[in-house]
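The chain contents come next:
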Amino acid sequence: MKITKDTSLELQKSSKLEIAAGKQVTVVLKGSGNFQISVGRRAQVQILEMVKDPTCQQSVSIALAGAGAHATLTAGFLGHEQARHELDVIMHHQARATTGDILIKGVYADQSTGIFRGLIKIDRTAQQSNSYFADNILLLDEGKATSEPTLEIEADDVKASHGSTTSSIDADQLFYLRSRGIDLPTARDMITTGFLQPIFNRLQAV
Amino acid sequence: MSDAATLKKFANEEKLAREKPDRVHYLHAAKPGLDPRTVEEISYMKKEPQWMRDIRLRAYQTFRQKHTPTWGGDLSEIDYDRLRYYMRPTDKVASDWKDVPSEIRQTYDRLGIPQAEQKYLTGVMAQYESEAVYHSLQDKMEKLGVIFTDMDTGLRKYPEIVKKYFGTVVPAGDNKFAALNTSVWSGGSFLYVPEGVHVTFPLQAYFRINAQNVGQFERTLIIAEPGSFVHYVEGCTAPQYVSSSLHSAVVEIIVQKGARVRYTTVQNWAKNVYNLVTKRTFVHEEGTMEWVDGNLGSKLTMKYPSVFLLGRKARGDVLSVAFAGDGQHQDAGGKAIHGAPETSSTIISKSISKGTGRTSYRGMVKVPKGMKGCKSNVVCDALLLDPKSRSDTYPTMDIKESDVHIGHEASVGKVGEEQLFYLMSRGLSEQEAMSMVVSGFIEPIAKELPIEYATELNRLIELEMEGSVG
Chain A
1 MKITKDTSLE LQKSSKLEIA AGKQVTVVLK GSGNFQISVG RRAQVQILEM VKDPTCQQSV
61 SIALAGAGAH ATLTAGFLGH EQARHELDVI MHHQARATTG DILIKGVYAD QSTGIFRGLI
121 KIDRTAQQSN SYFADNILLL DEGKATSEPT LEIEADDVKA SHGSTTSSID ADQLFYLRSR
181 GIDLPTARDM ITTGFLQPIF NRLQAV
Chain B
1001 MSDAATLKKF ANEEKLAREK PDRVHYLHAA KPGLDPRTVE EISYMKKEPQ WMRDIRLRAY
1061 QTFRQKHTPT WGGDLSEIDY DRLRYYMRPT DKVASDWKDV PSEIRQTYDR LGIPQAEQKY
1121 LTGVMAQYES EAVYHSLQDK MEKLGVIFTD MDTGLRKYPE IVKKYFGTVV PAGDNKFAAL
1181 NTSVWSGGSF LYVPEGVHVT FPLQAYFRIN AQNVGQFERT LIIAEPGSFV HYVEGCTAPQ
1241 YVSSSLHSAV VEIIVQKGAR VRYTTVQNWA KNVYNLVTKR TFVHEEGTME WVDGNLGSKL
1301 TMKYPSVFLL GRKARGDVLS VAFAGDGQHQ DAGGKAIHGA PETSSTIISK SISKGTGRTS
1361 YRGMVKVPKG MKGCKSNVVC DALLLDPKSR SDTYPTMDIK ESDVHIGHEA SVGKVGEEQL
1421 FYLMSRGLSE QEAMSMVVSG FIEPIAKELP IEYATELNRL IELEMEGSVG
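The listed protein sequences derive, respectively, from chains A and B. The letter at position 200 of the first sequence is residue 200 when you use the numbering used here, and the numbering goes up by one with no holes. The numbering used here runs 1000 ahead of the 1-based position in the second sequence.
Mixed in with the good hints there might be a few duds.
Stated by the list, open to error - Keeping only pairs whose Cα atoms sit at most 30 Å apart, straight-line, the calculated DSBU-like set for lysine-lysine is:
id, chain 1, residue 1, chain 2, residue 2
1, B, K1372, A, K30
2, A, K159, B, K1369
3, A, K159, B, K1372
4, A, K52, B, K1447
5, A, K30, B, K1388
6, A, K105, B, K1372
What the hints assert, rightly or not - Restraint ranges, calculated between C-beta atoms of paired labels, are given here:
id, chain 1, residue 1, chain 2, residue 2, range
7, A, G33, B, E1452, 55 to 65 Å
8, B, E1462, A, T7, 19 to 29 Å
9, A, R124, B, T1455, 28 to 38 Å
10, B, Q1065, A, G33, 36 to 46 Å
11, B, D1386, A, Q111, 42 to 52 Å
12, A, R178, B, K1372, 52 to 62 Å
Hints listed in this document are in silico derivations from the structure and should not be mistaken for laboratory results. By construction, the Cβ of each residue, glycine as well, lies at the ideal position given by its N, Cα and C atoms.
From just these sequences and the hints, can you work out the full model?
Written out as structure tokens, the structure is:
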């Protein structure tokens, strides 16, 4: 599917998008699937999602094909009980001066599992590119997570970095809230919501 | 071949070798290629006990069954049938520097070993080809009960210790190259530190590959008993030669309760050497293991020093720096397996790619379920100096426990123009400015090295940086 005007759309199953030069597009992903998005010269795409399903298997491949293309991916994941989420993201910089920004935040409670693989690939033809990948995971109860952020950089005049954290709720934060009379489940909810707030903010803006 | 025939054959080879002038006389050089008979010959020449021979033969079968790894670097050019698997330049380990054959001494003089053997750097043990030939220890070390020797002597003199620990940390079945090493190992260091002993000076071992097509398969075993401390330093240089060579070492370290071991190594193999090394430590309760690892040479290095944290509050650190020049691929990293609660690990990796060089960070942090209160931090930074350079980062974090703090960051970039501009505005040439920025980049690791290694590292990087500008 070729997008030739500024728009906002929702993708529910595997699809291929091509964003024409100079267009600004917002894409909301729903559910499992294989999503391929190609971004043209000076086009901008904003990809958003909030996953709460029991299972979700996604592969998102973003090709920054035209010079000056820009893409952001903002994804929130909330896993309960036996939920299992798997996300593969590829941010492929193919042209000059392209920028990419990936932010993933996941909360895994009960026995749920999250698996995140993110590859930033910068071709030799993509000098002056800048790319960032961040994934922050909050584990509660018996939640599990695997993070594999990878970089493959073949151009030298670029910036590429990733940051990844996995942790549980800070005991001091819980203690503070409870000392103010908030019960444990509510305190946990407040902290979890706060953790995912940046994702909600971006989603609400759509 | 019967024993008598074998001996006769070796005697002939030795005679032939002696007739060649200006050459090291190899008393025994196994013919190229590997089969069970070569393995038995090596074991026979070393007069090893039957159990070690059995371990070697079993490992040989494992080596044949295992597949070459398909990830990492390109290993397709290694021709196992053209390598020699054993070589021994002198019949017995010399205890006095004067007993070391003169041509070997000359080579060491060029390496600067006597200078290195100073007040604090006493336990020098040098390795030439496949076996230690020179080895000196101060009396006080012996009084402390510290055993520091080459692995072959270790096996002869302390078979019960070797039998207890050999292959327990890195079993032959771990990977193809560990199996190869187990079947043909020769030389390496054997270090035993008794309970509560602090060795206050670093123990050094120099070794090098010298002849063409020689594979080096050292086997190092370090045991630090409860409450002890030791710093082991290993550095190597190798002269340049034409056809590809293979270096495949195994290092096993056991850190008992409350002990601390630091293992420092800087490798500068010739740029045609495959350096495929398995290094692993078991760290028990409250023990600390520190790997400090520098990779400058070789055609391809695949090396991931690992810490298995097996007791409560055990700690493991991996610091590594890699430099890949034209045609080199440094695939290095670190692994931390948190096998007990409240364990912590840090992995810091810095890499520099120049020309067509390629550096990869490959790492693993694993926290199984139930290992509460574990902490791990992984940082990898890469510098790219040329448009043709390449850098990859492949970390994996596998966390099955929620009560943990795991962090990872990585960044790849080039030397900042503002930094260069600032330094040049202060009167430095572009070349000097570039060198200074690169030195600063690796400084956090260089400062952890013993002073002469840090100097050597900086000098080597300066040399490599020459001609990198304009």
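Tested hints:
1. K1372(B) to K30(A): With Cα atoms ~35 Å apart, K1372(B) and K30(A) exceed 30 Å; violated.
2. K159(A) to K1369(B): violated (36 Å)
3. K159(A) to K1372(B): violated (36 Å)
4. K52(A) to K1447(B): violated (48 Å)
5. K30(A) to K1388(B): Between K30(A) and K1388(B) the Cα gap is close to 40 Å, so the pair fails against 30 Å, i.e. violated.
6. K105(A) to K1372(B): holds (22 Å)
7. G33(A) to E1452(B): 55 to 65 Å: holds (58 Å)
8. E1462(B) to T7(A): 19 to 29 Å: violated (56 Å)
9. R124(A) to T1455(B): 28 to 38 Å: Holds - the Cβ-Cβ distance for R124(A) and T1455(B), about 36 Å, lies within 28 to 38 Å.
10. Q1065(B) to G33(A): 36 to 46 Å: Taking Cβ atoms as reference, Q1065(B) and G33(A) lie about 41 Å apart, which means the hint holds.
11. D1386(B) to Q111(A): 42 to 52 Å: Holds, since D1386(B) and Q111(A) (Cβ atoms, about 49 Å apart) stay within the stated range.
12. R178(A) to K1372(B): 52 to 62 Å: violated (20 Å)
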